[in-house]
Amino acid sequence: MIFSADLFCQTRSYAEREGLGFTPARLPVSRLSILYSETPTQIAHTIYDPVFCLVLSGEKHADFHGVPAIFAEGHGLVVSLDLPATSWITKASPDTPYLAIAVELEMPVLRELARDLPDEGEEQPVSALTSAPVSDALLNVMTRLVSLLERPSDREALVPLYMRELHYLLLTSPQGAMLRRMARADSQAGRIADIVAHLRANIGEPMRVEDLARQAAMSTTVFHQRFKEITGMTPVQLLKQLRLLEAQRALRARHGNVTQIALRVGYESPSQFSRDYSRMFGLTPRAERMGQDVSMKASKRSSSTPPERVSRQSVQTLRRAVTPP
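Residue numbering for the sequence shown follows the numbering used here, starting at 1 and increasing by one per position.
Cβ pair distances, simulated, as ranges:
#, residue 1, residue 2, range
1, PRO174, HIS45, 25 to 35 Å
2, SER219, GLY291, 43 to 53 Å
3, HIS45, CYS9, 25 to 35 Å
4, GLU268, ASP119, 41 to 51 Å
5, ARG17, ALA287, 32 to 42 Å
6, ILE47, PRO94, 24 to 34 Å
7, PRO94, SER219, 53 to 63 Å
In short, the hints are calculated from the structure, not lab data. Note that the Cβ used here is the ideal one computed from N, Cα and C, for glycine as well.
Kindly produce the complete structure, drawing on both the sequences and the hints.
Okay, structure coming up:
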């Protein structure tokens, strides 16, 4: 039995007609994406923007720096800030494809809506990554957003209203704890979110943790602790992953030679860049640029075997951690 059969049929029909795949593509409804695949995929590296993802069928696994996540049918997954991850589709077939709808979240909208919500404080740690069965209200607004793909004359008036409603429902949902904290610009979580956005926007600039802590109005010790609690990694680890992911994008697009790209993303030593790149992606930057990416070629073949570095035990841990009973 397919979750939300009407929305599934409507979304699948659009995806097939437009030739959509398992990577996000620009759609007529701003910030809305449909992801579609009839086969499992191999591992891929990406950066998740703050996003809400509703899975209509199939299943995808992801690893956020050692924290596993499951994009499961009928569930909504919230990623509250920019986070690097690896992901791979595990369940997909022509009869039951992997089909998901994603909406990029807007911090200005969240912060405007959060002004009228009570301040909960920041005593208890909460995760930037949560998954739960989708509520009827969220399913309803997502259905209305998808319907606007076929109603161009209504988009200008209704997209802002539906997007605002979606942001409000997420903020006030059980999954919204981290969103509520980050939506308050004066909170520690909000300042960490701003720092992460700053790192991503200034990826090639020299960065010192002391300067970032000062920008966040925290001591270096507190900043380091809160940053790792929220993102799952240190500022240096996050910046390295952001730089390498941007380098991968530039290499595949051939936007310069290896040395030029290494310097552009903030590396002072091309040899260190090559070592870090090979360690993260399993091939040299030169091979990537020349189109010898074995993992990308393999992704065209069907495979349901998840990468060994994400154990079955860790996946079970995530089910307990982010999926309510």
